[in-house]
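Q: Here are the chains, one letter per residue:
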Amino acid sequence: MSAEVREAVADLLADRVTPGALEAAERDGWAAGVWEPLHAGGFTTVGVPESAGGAGGSVAEACAVLEAAGAAAAPVPVAETGLLAGRLLASAGLALPDGPVTTGTGSVTLSDGTLTGRLARVPWASASSRIAVLADGPDGPVVAVIDPGTTSISAGHNLAGEPRETVDLDGVVPETTAPAPADAREALARRGALARAAQIAGAARRVLAVTVTYTGERVQFGRPVSRFPAVADHLVRIAEQAEMAAMAARSAAVGAGPDGEPADLDVAAAAAVASEAAGLVAAAAHQATGAMGVTREFALGVLTRRLWSWRDEWGGERAWSTRLGHTLAAGGPEALWPTLARGVR
Amino acid sequence: MIFDPTPLSADEEALREEVRTFLAETLPDGFRPGLGLGGRHDPEFTRALAERGWVGMAIPTAYGGAGASTVRRFVVIEELLAAGAPIAAHWIAERQSAPAFLRFGTEEQRQWFLPRIAAGECWFSLGMSEPDAGSDLASVRTTATPVEGGWRVSGTKVWTTNAHLNHFAAMLCRTTPQGEGDRHAGLSQLIVDLSADGVHVSPIPLIDGEEHVNEVVLDGVFVPDERVLGEVGQGWAQVTAELAHERSGPDRYLSILGLYRAFLDVHGRHPDAVTAAAVGRVGARLWTIRQLSLAVARSLDQGEAPAVEASLVKDIGTTFEQQVVETLRDAAGGEIDPGGPTMFDKLLAECVLNAPTWTLRGGTTEVLRGIAAKALTRGGR
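In order, the protein sequences belong to chains P and V.
Heads up: the first sequence at position 36 corresponds to 36 in the numbering used here, and the numbers run straight through without jumps.
Heads up: the second sequence at position 227 corresponds to 227 in the numbering used here, and the numbers run straight through without jumps.
Warning: the hint list may mix true and false statements.
[What the hints assert, rightly or not] Computed footprint of chain V on chain P, listed as stretches where at least three residues anywhere in the stretch have a Cβ under 8 Å from a Cβ of chain V:
| hint | region |
| --- | --- |
| 1 | 225 to 233 |
| 2 | 241 to 251 |
| 3 | 335 to 342 |
[Said to hold, decoys possible] Chain P residues, not near chain V, derived (Cβ > 12 Å throughout):
| hint | residue |
| --- | --- |
| 4 | W308 |
| 5 | E317 |
| 6 | T322 |
| 7 | G332 |
[Unchecked claim] Computed list of chain P residues with no C-beta within reach of chain V, every gap over 10 Å:
| hint | residue |
| --- | --- |
| 8 | S2 |
| 9 | D98 |
| 10 | T176 |
| 11 | R305 |
| 12 | T327 |
FYI, nobody ran anything at the bench for these hints, they're computed from the structure.
Note that the coordinates shown come from a computational prediction; the quantities given were computed from them, not determined experimentally.
From the three backbone atoms N, C-alpha and C, an ideal C-beta is built for every residue, glycine too.
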């Protein structure tokens, strides 16, 4: 099932995420020509239950969409609308608003119906129709739905030119609020890290294709540079890291089961592996493609700038490795192997 | 291609539990784990394992095996390697030789060798490398000359693990002198009885001081016709098939499990952040690599032949193993003390001295990457 979803999204995006569309998205902060067909096809809300207004489907299927979106470098908030905000809203019994929806992290409180605090580096905040804010209410965590037009937003971007904005919420009155599950904050962070791992896996795979093609065509010393063992070595290491990232992300996603949430240990492992892979893949690809690879016109940069950004969003390799290490250590030496060998179910 | 993760079935999980229980009952308290496939040579352990049907599991029942799937065998060997169990006696016979007899052997060879391998009573060494033939296997110079009823084999093999303890080795020999044309032609595999006249085994001490690796001089050793494995002249195709098939198993990432467990033992359940990061870094990659290796095993059961993926997984696994030693050494701090009081001290010393071999045995990193690169650039994946 996941494979079909991946292919469908890849097909849909193939002609739409063009170099021109990517440049325009960086300039304008939005890519309607990419978003609209994805949204119309129901791909932006995979993983959000139908009862909450989503397209339904498992976390694994949502991650299949994200892998394909990552491979295409699609400059739209697919992860945010579905797996992140969409599931957050659903967990609080709220329906998904139409259009792009985003969410973020930060210290926010809700008191007397008014929000205080700010969200940092929110993806596509001003382009979204609504923002799902996880706030601390008087009786525990709450999800608040707000119109970005009612907030004060300051611009910001990641290395790939994707909007990452600061949203000031002081005095904002939400449209609706609902109590969130006690572990909503941790669950959101897990889905955030898993989403980025899936996107990294897709982008890494695409970097391999771009690099193999280029080094097979670029002739130096009378032969394609990919025939030189030192260059071929880069290709193999990119392939290995792409396999690692994909297996890690897919294992964590499949482990969530048909309608569950991904497990903490699985996400920690996947995020640590994918974050590390992102840097290794980007470095090897740039070395293999030489000066051409670092030009704005070549297809590599849109991918490597995303790899360098996504690996740290929702926590990088040290954060997740440390978390995983504490979990494994707490289980003691005898439980170490059985825990790691539990695999996917 | 990229593999999808594969779950273990309830049956496969139950088998895993059986093996764990067996190991808990069999290995003594304070057991010093071997480094994965570098586990010790223990005939008694091998026979106990064979009694449970866990040696030569993939051998069909008609030949005394369990007729088990690749994944069931994967489950068993993964547990054995994770425990550092003493598997050396049967390791090559069951991983390499039994599948070779099944693919290339005569009916008579299968009936003679396979039940003995499955019983844990017939142990094999490899017979490929020579002083002048390492990664370039086609340059082997050991020759087999036809004589009445068989062959006379002369030459020198090296790095022959446990040749002083094992019964047989499948020796790659030149049966036709190398001509102008295909240098891979004219090679054959002959099963040499290591106790035969003319076989001289002497140890090659390695940097860890151990003497389990040998030089084997073959001085006109007689091998009867019925001990030729497969077709005369097809040795190259046979050994490359053997290597590709068995590259990506759990032996490629579990050499460090004992060290990893011992590290956790030293640092307790509430380590500082730096220590936890090291534990997590190793754990994250181990969790992922075993899922890759399991996926290769599953695809073999589904009739696929993922030779390139297997090469990649081996390279990923063995490179990982070496990184683990460095990550844990750095996190532990201090000097390496082979005579130190903890299991971690002892295993760290052993790992540092053995780690260089992990990316050499079964095909060096450079050779594997060469194979993988060819497939990648041909668009073969």
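Q: Provide an ascending list of the numbers of those earlier hints which the structure does not satisfy.
A: 5, 6, 7, 8, 12
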